[in-house]
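*Asks:* Each chain, letter by letter, is given below.
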Amino acid sequence: MSHSELATAQTALDDAAVISVADAGIRYRRNRRARRNFKDLFSSRARRTRPGEFWALRGVSFDVRQGEAIGVVGRNGQGKSTLLKLVAEVMLPDEGQVRVHGGVAPLIEITGGFVPELTVRDNVYLTAGLHGMKRSEVDARFDEIIDFAEIGDFLDTPYKHLSSGMKVRIAFSVISRLEEPIMLVDEVLAVGDKGFREKCYRRIEELLAGGRTLFFVSHNESDLRRFCTRGLYLNQGELVLDAPIDEVLDRYNADYAEV
Amino acid sequence: MTVAPPERAARSSLSRYWHSLWLLAKRDLRVRYSTSALGYFWSILDPLVMAGIYWFVFTQVFKRDVGEDPYIVFLLSALLPWTWFTGAVSDTTRAFIREAKLVRSTKIPRTIWVVSLVLSKGIEFVASLPVLAFFVIISGAPVNPNLGLFALGILIQGVLTVGVGLIVAPLVVFFRDLERAVKLALRFLFYASPIIYGVTNLPEQLHFWAAFNPLSGIFSIYRSAFFPEQLDWFMVAVSAGMSIVILCVGLLVFKRSIRSVLKEI
Chain C
1 MSHSELATAQ
11 TALDDAAVIS
21 VADAGIRYRR
31 NRRARRNFKD
41 LFSSRARRTR
51 PGEFWALRGV
61 SFDVRQGEAI
71 GVVGRNGQGK
81 STLLKLVAEV
91 MLPDEGQVRV
101 HGGVAPLIEI
111 TGGFVPELTV
121 RDNVYLTAGL
131 HGMKRSEVDA
141 RFDEIIDFAE
151 IGDFLDTPYK
161 HLSSGMKVRI
171 AFSVISRLEE
181 PIMLVDEVLA
191 VGDKGFREKC
201 YRRIEELLAG
211 GRTLFFVSHN
221 ESDLRRFCTR
231 GLYLNQGELV
241 LDAPIDEVLD
251 RYNADYAEV
Chain P
1001 MTVAPPERAA
1011 RSSLSRYWHS
1021 LWLLAKRDLR
1031 VRYSTSALGY
1041 FWSILDPLVM
1051 AGIYWFVFTQ
1061 VFKRDVGEDP
1071 YIVFLLSALL
1081 PWTWFTGAVS
1091 DTTRAFIREA
1101 KLVRSTKIPR
1111 TIWVVSLVLS
1121 KGIEFVASLP
1131 VLAFFVIISG
1141 APVNPNLGLF
1151 ALGILIQGVL
1161 TVGVGLIVAP
1171 LVVFFRDLER
1181 AVKLALRFLF
1191 YASPIIYGVT
1201 NLPEQLHFWA
1211 AFNPLSGIFS
1221 IYRSAFFPEQ
1231 LDWFMVAVSA
1241 GMSIVILCVG
1251 LLVFKRSIRS
1261 VLKEI
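Chains C and P, in that order, give the protein sequences.
The numbering used here numbers the first residue of the first sequence as 1 and each following residue consecutively.
The numbering used here numbers the first residue of the second sequence as 1001 and each following residue consecutively.
Just chain C, with the same shape it has in the complex (with noise of 0.2 Å):
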């Protein structure tokens, strides 16, 4: 292959959109208790909403290229976890589609796989293999994911009689050393302590300079302007501008000092 060929080839990986969000939508019902029958439980996605049901997101598109850094602004209850979640594909649209190609690193629940009552060490393998990760290739990082969690005398010690800051450690030490093309967070920075999180910001600098994606959900506006350069802001579910980060934190801000 020439070197114009090769540069070719690697300006079309690069703008291939590794996220391609088209029209998504979501919808929950608003009240749990609400009379559920087997008929609602199975209809087809495309039926209309129904009386005490509400779009969560509706009609957002954007797509994501290697290497960006996205923000996602809103505030509380406008959709921003639920986008996500669709993005991490652990939730499913109920309209358009959400296409994701490449691994991810959801940093979402980051806890939510760990055992209490197995040990450390099988909790790294555990959740690291559920993951994606071969073993070979967990016993390859393991010493880097146990020294960046700070935990090394805690090995074999059960999961549960952990702190819960030492819980966090090692969860997020896992997650960010899966190794995938992109990552997600939601929040998860605001545990911890101080020296722990500006930690946990080096590494996730360090995988943005990597080449990853990152896909951020915050309301820190500090953080939001130190790692993204897009942002994304959702109000009522509907996708509000869609421009860099600085931008769309001019505009959330000035709608914020209206109300």
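Source of the hints: derived by calculation from the structure; they are not laboratory data.
Note that beta-carbon positions come from the ideal geometry of N, C-alpha and C, so glycine has one too.
Errors might be hidden in some of the hints.
[As the list claims (entries may be wrong)] Listed next, the in silico DSS-like pairs over lysine-lysine satisfying Cα-Cα at most 25 Å (straight line):
(1) K1101/P with K1255/P
(2) K1107/P with K134/C
(3) K1263/P with K1107/P
(4) K1263/P with K1101/P
(5) K1026/P with K160/C
(6) K1255/P with K1107/P
(7) K1101/P with K134/C
(8) K1107/P with K1026/P
(9) K1101/P with K160/C
(10) K160/C with K194/C
(11) K1026/P with K134/C
(12) K160/C with K199/C
(13) K1026/P with K1101/P
[As the list claims (entries may be wrong)] Restraint ranges, calculated between C-beta atoms of paired labels, are given here:
(14) R1180/P with G77/C: 58 to 68 Å
(15) A140/C with V1057/P: 53 to 63 Å
(16) E238/C with Y1191/P: 50 to 60 Å
(17) A140/C with L1147/P: 38 to 48 Å
(18) K134/C with A1037/P: 31 to 41 Å
(19) R1032/P with E95/C: 39 to 49 Å
(20) V1126/P with R121/C: 50 to 60 Å
[Said to hold, decoys possible] Derived contacts from chain P toward chain C, CB cut-off under 10 Å, selection only:
(21) R1016
(22) H1019
(23) L1024
(24) K1026
(25) A1100
(26) L1102
(27) R1187
(28) R1259
(29) K1263
Since the structure of chain C is already known, use the hints to place chain P on it.
*Replies:* Positioned in the frame of chain C, the structure of chain P alone reads:
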């Protein structure tokens, strides 16, 4: 300028499925055995105590005219697989509720939450077979080449159990009452299946209908290793057919309801 992240070797989705399945089944077994002192013995103690009770009642108290001799072998050859079936089905009622956090944060094919439960109970079943072997040896029951059909029995039972699990697991998320209904149905099914008796002990006119309980054919396969006259190929064929139909229904129910399940948990 962009830097491409390091490529990880792509794995086929099938090998990932097996990998995740194996990890979860192993986890379940490890948790069960690491948190109780008796560990493995609990999984054989339950069927053993049951077998002991039925053996006592039917050979010492009542004059028994059902089943075959030695009765303990006759009992255990159906009771051990029944323990697998009932354990796996009652576990699947809690499949999504127990794993909610993991389901919400991990993208793996979602049938795994059901299949891994069936697999871990299946491993316990296989691990309990030495108990059956022990009673076969001390009672001197003759063993015949039908023993090789055990694999077929395990296969059909696996298909059936996964099928039932795929139906039950998502529905329980919406109808919590179903959890108790399933427990009741399982208790009913215990007596409606040829466990403490054989199909041949049923009145003649019920033989045909008994075949439509897929467990009849499955248990007849296991039993034929020691009691060749228990094997009835018509029943086996019906139960294999029923199991495949139940699996297909299960896959359909699962596929249609998973979207709502993910929102609910």
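*Asks:* Decide, hint by hint, whether the structure agrees.
*Replies:* Here is what the structure says about each hint:
no., hint, result
1, K1101/P with K1255/P, "20 Å, holds"
2, K1107/P with K134/C, "16 Å, holds"
3, K1263/P with K1107/P, "14 Å, holds"
4, K1263/P with K1101/P, "12 Å, holds"
5, K1026/P with K160/C, "19 Å, holds"
6, K1255/P with K1107/P, "15 Å, holds"
7, K1101/P with K134/C, "22 Å, holds"
8, K1107/P with K1026/P, "19 Å, holds"
9, K1101/P with K160/C, "16 Å, holds"
10, K160/C with K194/C, "23 Å, holds"
11, K1026/P with K134/C, "15 Å, holds"
12, K160/C with K199/C, "24 Å, holds"
13, K1026/P with K1101/P, "19 Å, holds"
14, R1180/P with G77/C: 58 to 68 Å, "35 Å, violated"
15, A140/C with V1057/P: 53 to 63 Å, "59 Å, holds"
16, E238/C with Y1191/P: 50 to 60 Å, "58 Å, holds"
17, A140/C with L1147/P: 38 to 48 Å, "45 Å, holds"
18, K134/C with A1037/P: 31 to 41 Å, "34 Å, holds"
19, R1032/P with E95/C: 39 to 49 Å, "42 Å, holds"
20, V1126/P with R121/C: 50 to 60 Å, "27 Å, violated"
21, R1016, "6 Å, holds"
22, H1019, "7 Å, holds"
23, L1024, "7 Å, holds"
24, K1026, "8 Å, holds"
25, A1100, "8 Å, holds"
26, L1102, "5 Å, holds"
27, R1187, "25 Å, violated"
28, R1259, "5 Å, holds"
29, K1263, "6 Å, holds"
Hints 14, 20 and 27 from the list above are not met by this structure, while the remaining hints are.
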